[in-house]
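Using the sequences provided together with the hints, build the complete structure.
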Amino acid sequence: MDVLQAECVSRHEAIVGESPVWSPAEQALYWVDITGGQIHRFHPGTSASNTFDLGEPVTALALRTQGGLVLSLRKEFAFYDLKSRQLTRLGNPEENLPDNRFNDAKCDRQGRFWAGTMGDKHWDQPCGGLYRFDPDRTITKHQSDVICANGMGWSPDNRTMYFTESFRYAIYAYDFDAASGAISNRRTFAEVDRSAGAFPDGLTVDAEGHVWSVHNAVGRVVRYTPEGRLERTIELPVPRPCGCSFGGEELDTLYITTARETLTPAQLQQFPLSGSLFAAKPGVRGLPEAQFAG
Numbered sequence: 001m002d003v004l005q006a007e008c009v010s011r012h013e014a015i016v017g018e019s020p021v022w023s024p025a026e027q028a029l030y031w032v033d034i035t036g037g038q039i040h041r042f043h044p045g046t047s048a049s050n051t052f053d054l055g056e057p058v059t060a061l062a063l064r065t066q067g068g069l070v071l072s073l074r075k076e077f078a079f080y081d082l083k084s085r086q087l088t089r090l091g092n093p094e095e096n097l098p099d100n101r102f103n104d105a106k107c108d109r110q111g112r113f114w115a116g117t118m119g120d121k122h123w124d125q126p127c128g129g130l131y132r133f134d135p136d137r138t139i140t141k142h143q144s145d146v147i148c149a150n151g152m153g154w155s156p157d158n159r160t161m162y163f164t165e166s167f168r169y170a171i172y173a174y175d176f177d178a179a180s181g182a183i184s185n186r187r188t189f190a191e192v193d194r195s196a197g198a199f200p201d202g203l204t205v206d207a208e209g210h211v212w213s214v215h216n217a218v219g220r221v222v223r224y225t226p227e228g229r230l231e232r233t234i235e236l237p238v239p240r241p242c243g244c245s246f247g248g249e250e251l252d253t254l255y256i257t258t259a260r261e262t263l264t265p266a267q268l269q270q271f272p273l274s275g276s277l278f279a280a281k282p283g284v285r286g287l288p289e290a291q292f293a294g
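The numbering used here applies: residue 1 is where the sequence shown begins, and numbers increase by one.
By construction, these hints were calculated from the structure, which means they are not laboratory data.
Each hint should be verified, as a subset may be incorrect.
As the list claims (entries may be wrong) - Listed next, with one range per pair, are the computed distances between beta-carbon atoms:
hint : residue 1 : residue 2 : range
1    : Gly197    : Lys141    : 15 to 23 Å
2    : Met1      : Ala217    : 40 to 48 Å
3    : Pro272    : Thr51     : 15 to 23 Å
4    : Gln5      : Thr264    : 21 to 29 Å
5    : Glu250    : Gln5      : 17 to 25 Å
6    : Arg89     : Asp157    : 32 to 40 Å
Computed from a predicted model, the values in this text were never measured in an experiment.
No residue lacks a Cβ here, since even glycine has one placed at the ideal position from N, Cα and C.
Right, here's the structure in full:
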């Protein structure tokens, strides 16, 4: 099995770096620091970064076809105008669950924003859900009893949706109806050995239909074949990678966000690049990230 190395491309001290999304128009990568309440924009051509401070948790983002971003905040969906820095709050699907928060989110190719929730303190409880936020602002719940919703993605033929539950230590596959946005036939795609110390986090799918999954706590990203077989590994010099996504002019660079959360002072001294943005050239290309159609 091939083992590659990721390198730091932009140094940060993000508490929980997540949700990397490539903008082809800007040739830039957006990503968030959940706990730090920040959106970052990295320009690899110049190595410059911009930061947008929201002053509250922002858990994931996607580009909008109308410009700006769609976000999942701690409890709400929102739009964010990058020029005016105006935040427009939208629906909260879990008003009756104050101890939950959103975690990861991603747009499908029909321009619908999917977002999952988790227990804000009790990460290992089956209290989360999986929601779809449509361009008409309708919110639909698709899955209950989720244990720490995390990375998701779609196969190149758009017939399979992948969804991670971190503390079920598994990635699930669903049959996906692109026209209606319905999911069905949930089954286990891949599992992580609980005794190995890792849990599955962010996820992306490449142009060959292979699934890249971040293994948090052990500093690696793995590639699964469409059959769920482990095929390739990227190692990082930090223990807590979180999200991954392809970017670059040819979509041939895998960007990886990382976290400092839960690391002790001794660990931070040992792993000083924790919270930074990393990248690797795995020899395959990704798929363009879909934009929100509303």
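Check: Taking each numbered hint in turn, which are not upheld by the structure, reported in ascending numerical order?
Finding: When the structure is compared with the hints, numbers 1, 2 turn out to be violated.
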